[in-house]
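Undergrad: Spelled out, the chains give:
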Amino acid sequence: MSLRRRLLTVVGAFGALALLVLVWAPTVGSTSIDLGRVFDTSIPWADNVDAQIFFVARLPRVMAGALIGATLAAAGVVLQALMRNPLATPFTLGVSAGAALGAMLAIAFRLDVGTLGVSSVPIASFIGSLAAIAIVYGLASSQRRGLSTNVLLLAGVTLNSFFSALILFVQYLSDFAESFRTVRWLMGDLDIGSYGPILAATPFILAAFAVFAVLPRALNLLTMGEDVAAGRGVEVARAQRWAFFSASLATGAAVSLGGPVGFIGIVVPHLVRLMVGSDHRVVLPAATLFGAAFLVLCDLLARTIMAPLEIPVGIITALIGGPFFLWLLVRQS
Amino acid sequence: MTTRRRRLAVLAWLSVLSLAGSAAQSPQRIISLVPALTEMLFTIGAGPQVVAVSSYDEDPPQVKSLPRVGALLDPDVERILSLKPDLVITYASQTDLHAQLTRAAIPMFDYRHGGLAGIVDTLRALGVRTGHAREAEAAAGEIEARLAAIRARTAGAPRPRTLLVFGRERGALRNIYASGGRGFLHDMLVAAGGTNIFAEIDRESVQATTELILARAPEVILEVRSSDILSREEAEREAASWRPLASVPAVRQNRVVVLTGKGLTVPGPRVAEVVARMADALR
Amino acid sequence: MLQADNVTFRYHADTPLVVDGVSLEVRRGDLVGILGPNGSGKTTLLRLLSGTRVPSSGRVLLDGQEMARLGRREIARRMAIVPQETELAFEYTVLEIVLMGRHAHLGLFEVEGPRDYTLARDALAATGTGHLETRAFHTLSGGEKQRVVIAAALAQAADVLLLDEPTASLDLGYQLDVAALLSTLNRERGVTMAISTHDLNLAASICRTLVLIRQGRVIASGPTDEVLTPAHVRALYDVDADVHVHAASGHMTVVPVRRLRP
Chain A
1 MSLRRRLLTV VGAFGALALL VLVWAPTVGS TSIDLGRVFD TSIPWADNVD AQIFFVARLP
61 RVMAGALIGA TLAAAGVVLQ ALMRNPLATP FTLGVSAGAA LGAMLAIAFR LDVGTLGVSS
121 VPIASFIGSL AAIAIVYGLA SSQRRGLSTN VLLLAGVTLN SFFSALILFV QYLSDFAESF
181 RTVRWLMGDL DIGSYGPILA ATPFILAAFA VFAVLPRALN LLTMGEDVAA GRGVEVARAQ
241 RWAFFSASLA TGAAVSLGGP VGFIGIVVPH LVRLMVGSDH RVVLPAATLF GAAFLVLCDL
301 LARTIMAPLE IPVGIITALI GGPFFLWLLV RQS
Chain B
334 MTTRRRRLAV LAWLSVLSLA GSAAQSPQRI ISLVPALTEM LFTIGAGPQV VAVSSYDEDP
394 PQVKSLPRVG ALLDPDVERI LSLKPDLVIT YASQTDLHAQ LTRAAIPMFD YRHGGLAGIV
454 DTLRALGVRT GHAREAEAAA GEIEARLAAI RARTAGAPRP RTLLVFGRER GALRNIYASG
514 GRGFLHDMLV AAGGTNIFAE IDRESVQATT ELILARAPEV ILEVRSSDIL SREEAEREAA
574 SWRPLASVPA VRQNRVVVLT GKGLTVPGPR VAEVVARMAD ALR
Chain C
617 MLQADNVTFR YHADTPLVVD GVSLEVRRGD LVGILGPNGS GKTTLLRLLS GTRVPSSGRV
677 LLDGQEMARL GRREIARRMA IVPQETELAF EYTVLEIVLM GRHAHLGLFE VEGPRDYTLA
737 RDALAATGTG HLETRAFHTL SGGEKQRVVI AAALAQAADV LLLDEPTASL DLGYQLDVAA
797 LLSTLNRERG VTMAISTHDL NLAASICRTL VLIRQGRVIA SGPTDEVLTP AHVRALYDVD
857 ADVHVHAASG HMTVVPVRRL RP
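Residue numbers (the working numbering), protein chains in the order written: chain A, 1 to 333; chain B, 334 to 616; chain C, 617 to 878.
Worth flagging that the hints you see were computed from the coordinates, not collected in a lab.
Heads up, the beta-carbon is just placed ideally off N, CA and C, and yes, glycines get one too.
Some hints could be false.
For each label pair, taking beta carbons as the anchor points, the in silico distance ranges come out as [unchecked claim]:
no. : chain 1 : residue 1 : chain 2 : residue 2 : range
1   : C       : ALA629    : A       : GLY138    : 32 to 38 angstroms
2   : A       : ALA213    : C       : ASP841    : 39 to 45 angstroms
3   : A       : ALA165    : C       : LEU876    : 57 to 63 angstroms
4   : A       : LEU326    : C       : ARG877    : 54 to 60 angstroms
5   : B       : GLU477    : A       : THR41     : 31 to 37 angstroms
6   : B       : PRO582    : A       : ASP34     : 56 to 62 angstroms
Construct all of the structure, not just a fragment, from the sequences and the given hints.
TA: Below, the structure is given as structure tokens:
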């Protein structure tokens, strides 16, 4: 099947799935609501509980879930190609550790840096992720030739360890109540409750996806090795830089919005590759769509399984991700 | 009486005296790792006997000059031992510390976190233990009287369905923690004349999502912020964070109250004051 | 066609020269062997010729143009590299790999068209691997893998191929297969090739021109039958060898006899 036709089939199938999930998810939840009332414009806003549950509680949640799921899945694909390693995740290079540290500081020390409809924690978190990106890039590009993926990996792993230690320290210093909320943030939370933070994250994510759109063929070649890619006509250093920055920026924005939701960035790319092969021109759009649907579904489970209590969404993705990897291991051996 | 018998009698009499004396001797060097119980100690007059407190103690002002010996997670055993206490007040869960203090033959008083009634019981038990039973009884009685008065006042009045929030992100409706149907925060709310919208959830804390709050539609939202002191404008700004939940009766009728102040969530001798503040907020 | 003009190269400012003043020329239609022991700098030299490394001094010219001034895509359209081994991080089919060779000929969002597919299949046929089109690359044997990678290089640029130790990791049978393939491609399709190798007999069997490299310097270059002498073998490898045309194979053969203590 030619690439065009394969792409159309795949995007069509995953797109339909994503659309179905996104339309269905806000209508389901721990409280039953009357869809008729939700869209009944004759009822004044302040009286319409059903509409509020739909538009204030659930819809931002589903939108955030779709945005974060799509972003983490796509960033995972790009970083796995860059690092030539199917076990790389969006969190491997330290971006989410930086975001986590920013968030911890804001929660534990009750920082007040909110602006433009976005509260302190997401902003501090995003700044933390930018700092991590700068440090890792600085370390990895200190060699004269382009971007060394080995140094990138080492820098990322080191930063993860170091920032994790700082995070533990911050938790230790904080008040009892605050320390519990810091731990909770690390488990991921899609209950955004407003559209402001989503709108704030979107430009960064869109910019990253604009770069993702031109990378796929270069990514295919990069996975075969830097010299081979260069020999086939890829400007390797430039492609690596674009891949690193776009994937890291997108990850930083996503983690600042909903916390570090794990396993999306590795389970979704793997599953998608099993289904459609390794050509990144097909894998990237498929992973984006599947990632969105996947996280929204995980969040749906998280908010209905133990109603009225909620399981943090990061725990659901971990409960699915862990066994998935065991299965992969068993399958391969 | 022969000299020998007289000597024996004197010896016996002195032994009885010393035994009685040591029984009557209350602890003179008390270390408290539990801030709530430190406050109790000062309330019942045992303040002068306190030689060290935990890292988190803030009230009463006298504790500021006292040495610190760590807290729940990190008690400084060396420091504690070096201060030669004759009573150490610990958390019931600090089993390692208990083992070490037992080895050093130092008496302990265990604190178990409980509901509102537990506070008064602890106050009385502490009084007996430290030889201030009378003052403790008086303080406990006063708390019970005040609580009874509040209960009487609110008896006939309607009990508003209340969301009691003790933690959330500043300026945003995220990571909201509210009191469940268990624990002393819940008990305080009930004593103050309110109904907890999460009364049927048998947990001390509930992470309240926006959907859950919209569904339960509380008539009053009571925020208890004990870790920051907010100025009037800041408190108003924080109360305004709830506006997006427009259908919630508490928001529509402007019954969102942010209580701030140190010691609001300390299960100590000031509970009656806190309950009184809550009762005012609920009216 | 491809020229190195007194190039030198060192990896870092304080490391010794790996390539020390090498000048060579790969003429159109020639099959040049860059021969030398391990560590002689021949792989680095090949990288300089392909443009993936920039010389510390001197120039490399492709069709008279300085490589440093050409973009990677331009170079890739005329010249392709076959590495010693290909390790894939992800699974690709044989056809996908050969089609990837067309990258430099496609616009940013352009997708491979019928012409690209034809060229790819043509290259597969030329390397005798057409029947493996739908197979996953990692399921192939060593020899098949090498031939597929050569096919990808052919699909990319039918003008000049640079091959780094093309038979080093292959079994004897596959060595002969690949050698024969390279020779055929050179003779029948006029593909210009430069091979870096330490295998004397490979060089002897297919290369028409030889450049002998030792410690980053050219010690001799010219037609194979003139350059491949016992004296030169001794200079390169410290080995006493017998060099003659073998009756059965029809080309020069080098038989090592004795190791010389330097």
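Undergrad: None of the hints should be skipped; say for each whether it holds.
TA: Evaluated hints:
For ALA629(C) and GLY138(A), the Cβ-Cβ distance of about 21 angstroms falls outside the hinted range of 32 to 38 angstroms, so the restraint is violated. Range check, ALA213(A) to ASP841(C): Cβ separation about 55 angstroms, and the 39 to 45 angstroms hint is violated. A hinted range of 57 to 63 angstroms for the beta carbons of ALA165(A) and LEU876(C) is consistent with their spacing of about 59 angstroms. Against the hinted window of 54 to 60 angstroms, the Cβ-Cβ separation of LEU326(A) and ARG877(C) comes to about 58 angstroms, which satisfies the hint.
In this structure, GLU477(B) and THR41(A) break the distance hint of 31 to 37 angstroms, their C-beta atoms being roughly 55 angstroms apart. For PRO582(B) and ASP34(A), the hinted distance range of 56 to 62 angstroms is not satisfied, since their beta carbons lie about 19 angstroms from each other.
The structure fails hints 1, 2, 5, 6 (numbered hints given earlier, in ascending order).
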